[in-house]
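Whole structure, please, built from the sequences with the hints as guidance.
These protein sequence lines map, in sequence, to chains A and B.
The opening position of the first sequence corresponds to residue 1 in my numbering, with each subsequent residue numbered one higher.
The opening position of the second sequence corresponds to residue 635 in my numbering, with each subsequent residue numbered one higher.
Hints are supplied without guarantee of correctness; some may be wrong.
Here are the simulated lysine to aspartate or glutamate pairs, EDC-like style, with alpha carbons at most 20 Å apart [stated by the list, open to error]:
no.	chain 1	residue 1	chain 2	residue 2
1	B	Lys-880	A	Glu-521
2	A	Lys-424	B	Glu-802
3	A	Lys-373	A	Glu-408
By construction, these hints were calculated from the structure, which means they are not laboratory data.
Quick caveat: nothing in here was measured; it's all calculated off a predicted structure.
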Amino acid sequence: MKNINLTTPLILALLAMSFLATASELPSQSQRIWAPTGDQIGLTNHATLTLLINDPHGSRDKGAEDWQIYGKTFGYGILNYHNVAESSHQVTVRGAGGNVEGKGFTGDFGVWSGSPGKYKAGLTYSRHATYYDITSELRNPTFPYPPEPPSIGYDPRMTWSRGKFDLSYRLSSAFALDGGVIDMRRDGTKGSLLRGAGGDLPPQTVLNETSLYEIWVGGVMAAGNFRGDLRFAFRGSDGTRTYTDVHTYEDDRQDWRASLDASYDLTTNHRLMLYGATGALKSKGNEALGTVEYGSPDSENKSTAGRLALLSRFGKFTNLRLAGGVAKQDIDAKIADADGILNAADRQRDRVDFLAALDNTSLRNTRFHLHYKYQQTELEEQTSNGAAVGSADADAARSLDQKKKRQEIALRIRSRLSKTVKLKLGVRSDTRNVDHTASSTDWYGAMGDHERNRLGWEAVLQTRPSRNLPIDLGYRGVDQSLDRLDQKTETTWKANRLFLNVNWIASPRLSIYTMGSYGTEKYELTDSDEPAPGLNSYNYDGTTTRITPGATLQVTRTIWMEAMYEGIFFENKGDESEFLNPVKADHDRAMVRARWQAHPKAAVTFTYRRNEFDENRWDDYIQDLYAFSVSGVF
Amino acid sequence: MRRIIVLVGCLSVLLIMQATASDNYLAGFEVPADAEYIGSEDCTMCHEDIGEFYKHSAHSVERNLLVPGTEIGACEACHGPGSLHVDEDGDGWIITADDMSHLGATDRAAMCTQCHNSMDLHFAGSDHAGTEVSCATCHGDQVHFGSKVKPAAEFRSRTEFCLQCHTEVVAAFRLPFRHRVLEGEMSCADCHDHHKGNDTASWENLNDGCLSCHPQIAGPFVFEHEGVDGEECLSCHKPHGSHNDKLLTQDGNGLCLQCHFEAGFNSDGNWNIGGVNHSPAATGQESRCYDCHREIHGSNISPSFKDQ
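Structure, rendered in structure tokens:
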């Protein structure tokens, strides 16, 4: 496999740029390594046409899975058009797409139109191809690469598309109506989670031929101190999903929901808010195991929720939010064949929650936020096998009572310490207690009583040592333990993340920037032996380092250059042993772009990109992409 | 439940009794008692350039859009009653741009939501409310540039506004398994209603954002894994990006064992989980829990989420 060290030449290029900067205009390109040539934010009229050549090495399929680029040569275009007529009527057209993804034309296209204060409408359509690798993961050293792992004999590809139309119309200053429709389809084969089924087995796949549509209408009303927002939505989804000839689902789901948001200003400082929603989800269809029909589900989930809140302001400095709500779910689920019910469940879930949040700015240049949340959920469930719930004919039955309590308290402080230094501090504690009473443990390994405690905290320092040098430095951490009170076991999760953002406008012609982050994440089962041969890992001890230096430079009055590098280095050494390799992954992405402004309204750009992936779980690859673009503004 | 409702009700009454009257965002200013609203036509007689500037926006004087329920429109909607300013040839009281720059984020948002009332309803209860974020943080200086920098709801640009502050999410979107947001296939708003929040609205289902595109996970199932309705999808998935397939938080059996770890598991030859022997002798190379428990979101067939 081709392998070239990119880091050194990139650093040299960045250094060279810093010696070239002398002109008077600021670089316009921001730090967006993901953005294709010509992709601009805002509504300036512009278009770009790109000819792209892909020079792939290694696993072309894994490269396609990560970047959705499949093939050798392509065209790719970007269009943005925005016009405001003398009548104030506005039209915006945006599009980005081509045949890069190797499955016909793919991309996004949208048209928006509107007149301020009267109406606005939007129509968007997206179509994309998703690829999946043809081999499974390889973590077990028994199955090193090479030799070539077993693969399926075709490239799993799934196309998904989504079309959306929405319209809102203001009847008067007090009333507005809106509505819309969405259609989304998936068609093709995608990789299943069973791609991790073992290095000596080919990956499993899922065949999807599904569609989803949704229609919604709503209205907004404002009259005096009252605001109201009423919505109604209906959604249907159907189609076929097949898991590698093992299990086939014929989906047929329909759900509707209605919701009302309302507020009433009791006084100028106190607002009462009300929320209510109700809905139902029905599922029918059919399921088959292999070629044998199993049964047809006939299930329904009815849900209702209500919420009352009070938002209050005290003087100039204090805002208080109080809210309380209830929610209820009633689920009746069953599956039956021609002879009757096979399995059934009757499930009721009731929730109550409460929130108190306080914001205060009475201390100079400082904002405090404190909130407390409480939630209690009660679940009553009965399941049966061979007959309806409660029937004496049931072959087996189980009942479950569960009570969950969740409490969260959080404090955030943001203070401007000086004109150039801002400090943000935050801490949050989240506790859950679950009491669990089941009539039997025969059916599944339900968890008994357990308790989860999570503490999170963060500190962020935003500094501006000079006008041209903003530096942000931050730290975030999480510490969680989950105790199975019934089993007297404990599992833990600890995560830390340190990040640094630097943007240095070194001269009017040169910007240099870097985003860096370092994170550790550790999941552990306390008092457990390491996995035996034949089992996958239990623990997780991951370290991720990411660094993205970059620079933009105006070389001459008409020539711009930019270079960016992104390195993501990941290692998971949880349960590293003679049976399990640690996971090591290097992602190197780089881009160098040179633009010549040949005419005030036209430019040509040459772009080189590299996506390189080296990991001992999946197949490695390199994508070298060469692009030539012509851009214009109009 | 009844006690909480009573508590909320009592607190509401108490707070209303303590309230002091003021005029929303105008509470931050000392509005002279004799200042009156006179209409915005007079403003453009002197500020002609600004009138031209607003011409095609919803804030244009000619369009005369009014704050709902009032006769106040255009300039005075934000700058306050202008009679004194006009009477004294531009020297009298008015809320200037400099005055506005001292407003907190909540009051800055209140200036906009007096007309954009559907946002008023939702934003006040959102996670962004009470922070430094106000309308202009994302929408740019839309007020002054009218339609020229309107981000609207277009794909691509919509996401970029969120990522200005949520930089850590950029890093997640660059991992090998990810929702393709930076690629423009979807946007933050497909999952997050940035004008709303979970505090006072849209609470009925925490997983709603996921299930709107993945309806097959919604069931309802006869045998339901807790993640579907009792917990969050986030218990097992990292929705922005992950090093692991299917956006999982871990790549091995530890993901399941974080909750299902039982005393004595994998010690002294004991491999029981839920009373079932999970000896590796019964499994294959690199065996994972979901090799067998594949219907992990829920099943109509198997209480242990298997295909049999």
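For this session: Below or equal to 20 Å on CA atoms is what counts here, so check A/Lys-424 against B/Glu-802.
Result: holds, 15 Å
Exercise. Given the hinted pair A/Lys-373 and A/Glu-408, is their alpha-carbon gap at most 20 Å?
Worked result: holds, 5 Å
Problem set entry | Given pair status - A/Glu-521, B/Lys-880, alpha carbons within 20 Å | Within the cut-off at roughly 18 Å; holds.
The structure meets every hint from the earlier list without exception.
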